[in-house]
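Engineer: Spelled out from the first residue to the last, the chains are:
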Amino acid sequence: MKGLSWFAWLAMAVLAAFSVGTIALHRGETINAMWLVVAAVSVFTIAYRFYGRFIAVHALGIDPSRATPAWRRNDGLDYVPTEKSVVFGHHFAAIAGAGPLVGPVLAAQMGYLPGTLWILVGVVLAGAVQDMMVLFFSTRRDGRSLGEMIRAEMGPAAGVISMIGILMIMVILLAVLALVVVKALAESPWGTFTVAMTIPIAILMGLYLRHFRPGRILEVSVMGFALLLLAIWVGGMVAADPVWGDIFHLKGTTLAWLMIGYGFVASVLPVWFLLAPRDYLSTFLKIGTVLMLALAIIVAMPELQMPAMTRFIDGTGPVFSGKLFPFLFITIACGSVSGFHALIASGTTPKMISSEAHIPMIGYGAMLMEAFVAIMALIAACVLEPGVYFAMNAPAALIGTTAESAAAAISSWGFVLTPEVLIATAKDIGETTILSRTGGAPTLAVGMAQILHGLIPGQGMMAFWYHYAILFEALFILTTIDAGTRVARFMIQELLGMAYAPLARTDSWAANITCTLLAVSGWGWFLYQGVVDPLGGINTLWPLFGIANQMLAGLALVFCCVVMVKMKREKYLWIPLLPTAWLLVCTLTAGWQKLFDPNPKIGFIANARRFGDAAARGEVLAPAKSIEEMQRVVFNNYIDAGLTALFVSVVIAIVFFGLRAAFAARSSSAPTTRESEHVALESIPR
Amino acid sequence: MSRLNPSRADAGRSMAALLGRDWRSGFSLLVRWWRSARLLSARLWRTGSQTARLAIGIPDYDNYADHIRRHHPGREPMDRDAFFHERMQARYGKGRSRCC
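Residue numbers (this note's numbering), protein chains in the order written: chain A, 1 to 686; chain B, 1 to 100.
No lab work stands behind these hints, which were simulated from the structure alone. Don't take every hint at face value.
[What the hints assert, rightly or not] Once the Cα atoms are required to be at most 20 Å apart in a straight line, the calculated EDC-like pairs of lysine to aspartate or glutamate come out as:
id, chain 1, residue 1, chain 2, residue 2
1, B, Lys94, A, Glu494
2, B, Lys94, A, Glu148
3, A, Lys601, A, Asp613
4, B, Lys94, A, Asp78
5, A, Lys84, B, Asp62
The task is simple: from the sequences and hints, build the whole structure.
Structural biologist: Okay, structure coming up:
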């Protein structure tokens, strides 16, 4: 990149402006996906070279002569000075999850334009800035975690509050991800079989690595991958078989209970048995699939069928309710800006960076790559016929349960659709129906299957690719559930341990089981509620998750602002302040609307009242079937409202502590930040 | 790194020499080019596998053992298997908060 002359950069800028302009102003029937790819690549390249470098060099003042924690505390294990490209790969693999694949798919209900613009602008000004700043601050503090840094710079109360916030996000994240899997597997014997098979495959890999050939990751991964492909192939036969097909044909509620049981058992098993081998598989599969998707899009150059903007920007959309502002900005969280990355950027990565000069590439660059993944997910959702997209993502309460009723409802929204198309699509992908397969994963899978099928055609290949994509998402999510339950358990132990010390003992089986149970029942409760939710669950839970994730980002960015003030670099405060302000506005507005909006489709309290009042009159409102169910809807809505209120108050509390710390720092004439001491890189023996 | 790059000029020159009379020096150029190409691909493979292993939480073992021998002469480094299990436990023991 050093070699590019000013002329080349100018040409790049013209290309970026032209492609973004084309996307924004194009009003034809369809637009080629390449425009999105070109716009993203050119915008990201320019942003990295100019904004990213500017922040690193001027605002943060990276100092390549300063020894990083990897040098000062080198132990060959956690702290290891590592080559830039290797750390980049490690960091990207750690931040890349299922989120950037789901959010943009849901946001596609407003058309491709709003989502694309938010991903492009959001990542450049907010997401990548947050990741890089947190990475830098953690590198300057011996690789401390976000929680520890908040405690040190903003006080112990802020530390505890952020910890509660992080725990709540964990719970809601696990519930939403589990719901995505349940929605994808319900009534789908093929999908259920292949995903169930990942458990014995991972155990086999674990045993192989433990007892047969320790450390041979390449061969065990290749073996696992081959078995996965075999499972997909066998799954097709299982689904076609009347007896076996029946066994794996499960209802949503059954799957939810299985999931809860799985979460509990898997998270108390030793890690080598199931968690680690499965994480190997899902990490490699994710990277491989993302590369394959990128290649497929570039080679196939599909046309986007979705309009630039649909009429659902007014807030009446079937996928999630609420207007473009603020709900688009919390629906696409990962991909534009994700609070979770702040946890990763203050985790293992800062302990491996060998020079501060690598921070822009790893902090800013890896996040740009993640945004590119989000753009690809958006493309995959938008290559579908809009009618098919809405049939898959609208809840049964709106479109009914037959192809005829769905086609009629969706046509009435202005998207031409015949029942035959729905039936044919379902048949192509080897399923009985595609109606109301909410949660993003199935839509992404059909989109991916369509793109890949364009490249490698063949009888039955559509069905194979669809189930491959479902498997890939589910594999990933199951690993997250297992690992996330453990994280939540340790957090609960730490928090409850403050009140009752024996619970903090991580070696005690009683404390272990109790806190795991608490963690599982936390997310399990929301999962079950989501599965029985008449609006399909995602409609209710995704906004909650989005608010939580953006709240965490807001928290991390407030911390960045505070540190900038403490470093006496107020001149550059606008860099973190701009995204902080935007995120606070979005989360607080969304939180407020979720609580108090008079429209029962948006406001939790309004919805609870609507059902409560009807129940008091003795009426039963659809889709509830009895007064008990009515009461349950009321209760659930109050719980959701309570959780939203909790998120909002965490944000407000952190802003308060941030302001307090910042004003205290301003009254001091010297920098008050708590960095580890400066050691020259040259003085370290190599 | 650049030293290892098989240069196009080398390849071109060796082709030209092979086609012409001076096949001996052309051949040796070709051998040199082939060697450096092999070195480069070995290096790429090494970086790639290091990245892949680190992506699942396992740093370079040789580097670790080297570090212990040089900086902690009294200590014996763990063997490969113990190192592998220690790293696995360190990565997953407390769960992993991966991004959404």
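Engineer: Between the alpha carbons of A/Lys601 and A/Asp613, is the straight-line distance 20 Å or under?
Structural biologist: holds (16 Å)
Engineer: Between the alpha carbons of A/Lys84 and B/Asp62, is the straight-line distance 20 Å or under?
Structural biologist: holds (18 Å)
Engineer: Quickly compare the C-alpha distance for B/Lys94 and A/Asp78 to 20 Å and report which way the hint goes.
Structural biologist: holds (15 Å)
Engineer: B/Lys94 and A/Glu148: Cα distance at most 20 Å?
Structural biologist: Holds, at roughly 17 Å.
Engineer: Is B/Lys94 within 20 Å of A/Glu494, Cα to Cα?
Structural biologist: holds (12 Å)
When the structure is compared with the earlier hints, no violation turns up for any of them.
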